[in-house]
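Residue numbers (the numbering used here), protein chains in the order written: chain A, 1 to 124; chain B, 1 to 169.
Quick caveat, the hints were computed from the structure, so don't treat them as lab data.
It cannot be assumed that every hint is accurate.
[Unchecked claim] Some but not every residue of chain B turned toward chain A, in silico, with C-beta under 7 Å:
1) 20
2) 23
3) 87
4) 90
5) 93
6) 101
7) 105
8) 112
[Said to hold, decoys possible] So, partial list: chain A residues that the calculated Cβ filter (under 7 Å) puts toward chain B:
9) 56
10) 83
11) 105
12) 119
Treat the numbers as computed from the prediction; the structure is a model and nothing was measured.
Note that the Cβ used here is the ideal one computed from N, Cα and C, for glycine as well.
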Amino acid sequence: MKIMLVDDSRTIRNIEKNVLAQLGYTDICEAGDGVEALKLTASQIPDLFLVDWNMPNMDGLTLIKNIRAQNIQVPIIMVTTEAEKSRVIEALKAGVNNYVVKPFTAETLSDKIHQTLAKLGVAV
Amino acid sequence: MDVRYVNPFMGAIKNVFKTMLKLDVQFGKPYLKTVEQTSHDVSGIIGLSGDVVGTVIVSFPRLSAVKIASTFAGTALGDTDEDFSDAIGELANMIAGNAKKDIEGLNISITTPSVVVGAGHQVKCAKIIPHLAIPCSCPAGSFVVEVGIKTVNRSEELLLVGGATEKSA
Numbered sequence: 001m002k003i004m005l006v007d008d009s010r011t012i013r014n015i016e017k018n019v020l021a022q023l024g025y026t027d028i029c030e031a032g033d034g035v036e037a038l039k040l041t042a043s044q045i046p047d048l049f050l051v052d053w054n055m056p057n058m059d060g061l062t063l064i065k066n067i068r069a070q071n072i073q074v075p076i077i078m079v080t081t082e083a084e085k086s087r088v089i090e091a092l093k094a095g096v097n098n099y100v101v102k103p104f105t106a107e108t109l110s111d112k113i114h115q116t117l118a119k120l121g122v123a124v
Numbered sequence: 001m002d003v004r005y006v007n008p009f010m011g012a013i014k015n016v017f018k019t020m021l022k023l024d025v026q027f028g029k030p031y032l033k034t035v036e037q038t039s040h041d042v043s044g045i046i047g048l049s050g051d052v053v054g055t056v057i058v059s060f061p062r063l064s065a066v067k068i069a070s071t072f073a074g075t076a077l078g079d080t081d082e083d084f085s086d087a088i089g090e091l092a093n094m095i096a097g098n099a100k101k102d103i104e105g106l107n108i109s110i111t112t113p114s115v116v117v118g119a120g121h122q123v124k125c126a127k128i129i130p131h132l133a134i135p136c137s138c139p140a141g142s143f144v145v146e147v148g149i150k151t152v153n154r155s156e157e158l159l160l161v162g163g164a165t166e167k168s169a
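Could you put the whole structure together from the sequences, leaning on the hints where they help?
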């Protein structure tokens with residue numbers, strides 16, 4: 001399973017990579033903003049996205065709308081500091097499958113990945 | 001500054017450090033900042049907009065910043081490493097983002113973080129927004145979170161944003 005991490009913080013991408021490695025996922029690609037993520041997606045669509053909201057050049061919400069507009073239906077988990085109910089609803093309407101609020105523990109991120117993949121019938 | 005903004009930030013600081021760094025934070029007595037100079041050597045800066053205008057500055061002495069950034073990143077970092085400023089910026093981002101969800105009734109947006117490294121640097125903010133400094137300490141060292149928030153109507157906001165600048169020494 002290929003997983004794309006989209007976050008302007010390399011520290012967060014490294015933390016996410018460590019959690020994913022513990023779950024056995026090592027096929028990871030990374031993007032620092034929405035524009036970079038779309039470029040990568042044009043050549044290879046991952047099986048799961050983890051996407052931050054606030055990023056330079058193109059934010060996560062715009063990225064997700066772009067991905068869904070291309071009819072790419074792979075699961076997307078938003079990982080963000082945006083915790084207000086209105087923001088969560090906005091993200092869900094844009095097409096995210098699950099939502100993780102920063103700060104997060106490794107257990108929380110791991111559980112959300114399992115939940116998301118299990119709900120969509122993807123082997124974990 | 002309206003003191004009802006202080007508790008969300010104290011809660012956010014505790015939550016971020018406990019969850020991401022496994023560190024407990026203790027607070028000193030908050031005080032009103034009277035000079036433009038930041039408290040320490042390394043600052044992570046987040047701008048606030050929307051129904052408010054303001055700034056959140058997470059400011060560290062160099063040694064605390066190195067220890068805290070290294071703990072957060074899970075690897076030893078020096079203050080010239082690219083990942084050092086990334087870690088400091090992300091901590092500021094998490095504190096501001098986590099606090100804003102508990103400030104009720106206001107729609108607040110946060111900027112992506114800026115990080116300034118250098119002893120004696122200044123972060124110049126609009127003078128009409130008083131900044132409250134929250135002294136913090138944890139086993140990795142001490143730091144200060146400065147919060148300046150003012151609710152605005154749209155015409156005031158244009159004037160305030162035009163007057164805010166950042167400067168590195």
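For each hint, the structure was consulted:
| no. | hint | result |
| --- | --- | --- |
| 1 | 20 | holds (5 Å) |
| 2 | 23 | violated (12 Å) |
| 3 | 87 | holds (5 Å) |
| 4 | 90 | holds (4 Å) |
| 5 | 93 | holds (6 Å) |
| 6 | 101 | holds (4 Å) |
| 7 | 105 | violated (11 Å) |
| 8 | 112 | holds (6 Å) |
| 9 | 56 | holds (6 Å) |
| 10 | 83 | holds (4 Å) |
| 11 | 105 | holds (6 Å) |
| 12 | 119 | violated (25 Å) |
Hint violations for this structure: numbers 2, 7, 12, all remaining hints satisfied.
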